[in-house]
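Work the whole structure out from these sequences, hints included.
Residues per chain, in single letters:
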Amino acid sequence: MFQFEKQAVAENMMSAEIYYQQVVTSSWGSLNTSDEISGIHTVSTRRRGRMSQLIRSHIPPRTERMAVDQDWSSVYPTAAAFKPASVPLPIRMGYPVKGGVPPPKEGNLELIKIPNFLHLTPPAIKKHCAALRDFCTEWPSALDGDEKCEQHFPVEIETVDYVSAGTSIRNPKARIVTLRVKLSNLNLDDHAKKKLIKLVGKRYCKDTDVLTIITDRCPLRRQNYDYGIHLLTVLYHESWKTEAWESEKTEEDMEEYIWENSSSQKNALDTLLQIKATENVSNVTKEELLASEVVRNYRNSVIALKNEGETESNMSQYKESVKKLLNIQALP
Amino acid sequence: MAARCLWRRLCQGSSFPVSYASRVMQKQCFLPNMDLVGGRFSGSHVHTEEPKTNPLVSISDEPEVLYRRLSLLVKGHDRAVLDSYEYFAVLAAKELGITVEKVHKPPKKIERLTLLKSVHIYKKHRVQYEMRTHYTCLELKHLTGSTAAVYLEYVERNLPEGVAMEVKKTKIEKIPEHIQEPVWDTLPQVEEAEVKS
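Top to bottom, those sequences are chains A and B.
13 is the number of the first residue of the first sequence in our numbering; add one for each residue after it.
48 is the number of the first residue of the second sequence in our numbering; add one for each residue after it.
Hints were generated in silico from the structure; no laboratory data involved.
All the pointers check out, no bait thrown in.
Computed cross-link-like contacts, EDC-like style, restricted to lysine to aspartate or glutamate with a CA-CA straight-line distance of at most 16 Å: (1) 216/B to 186/B; (2) 194/A to 219/A; (3) 210/A to 255/A; (4) 221/B to 158/A; (5) 206/A to 255/A; (6) 188/B to 162/A; (7) 221/B to 159/A; (8) 188/B to 158/A; (9) 188/B to 170/A; (10) 215/B to 168/A; (11) 253/A to 232/B; (12) 155/B to 130/B.
Structure representation (structure tokens):
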């Protein structure tokens, strides 16, 4: 080697030594001769014969210098790709060679492709949450059950947010707003409730007494929410109004069976009057008949049959009331 | 202290930008535990007495929004990724004091399609592809607006690549004032005009 080359190499070596002071470990052994300096690209390529000069041996990976009790959240503070030299785990992934094992982690594309949670280990999550806890507020302890929530806050508004990767972060389904309220919590009288149910149609569920309004006709979620509240307001106030044409409500429009002024009442009264006439009893007025207990029983059983449908108890109740009305005890 | 240092460092990093720093908390105005709120988040004049108050927390006067239920549906192509994410989300909820009502895994959906294998002719030779979507559903109960915002931002920012999420929020509200009483009682003149017309 020429003299000035040796000097240049020696200078390089000194700077390299300062830089690699932390890198050199006992297992690596002493620094090699000036001819073979690892990590430094030897400028001289004149020694074509001495291939050993051009070989670059890698520095050992960072995993060998990691302590067992190190702070892992400083190795992976944020989401990052899998670096085999930074993760001190002997992981193998991939399809195994025939009669062999899956490939090791060095240069393993499968490990790089899959999303890793190395930045979200339990201690890291606990640290993040400890810092975030200051921004959280507590749920009011007075509202500990669903019934209490229902009692104090009857209106429920449901909105959906969509998070996904793509060319756009917007999702057109995000503007849909669903408004749910129980009619028992609104200030409605009998007529108003029936009118409201007729106005909304399918949006009312009879079993749970819940009115559901789904709005999506406006482009923004806030506008849809305002429109939903506006619809509720309009429905409420309209149902309290009594229009002139509502007096033309016929029996087919009725939601539930009303016995007063029905054909059943007429028939029962006529039958009873005829029975009384044949027995030559003094003229009993209609009001007396209506107030009598047999007629009351008959009325209740007919209403139960019509409103609730035919059940065992309803049918037997009707049978008993008819027997009492017509005074027939003989039939079983 | 270490946590705050770490958090501040994270603030400067790419994953938690400045929006965390300017988080505005909403004061709850009807609470029985007002003393807790008042004592913990004092104004600037009490800083010297309580050095632990986080200077980045600011309280606004808006009433707190209440969420009865928060339902997170996470969709992905890999069951293992979803399981890890579910562990992370459940742990984060527990640490922030949120009750996790239910964690269930709806069955996967497979979408299959059959295409022609060749560019031109060879109708009898096809190739079949399928796309598997796995689901995990996380249901959280009883959250306030601030807590929900904090939790959702944390969880959504750490959503892995290739995973989608749908968050269904059920907000509970009082009945608006204009629906408490029918308006016809208070406006007799308008009613008469309507009857006349």
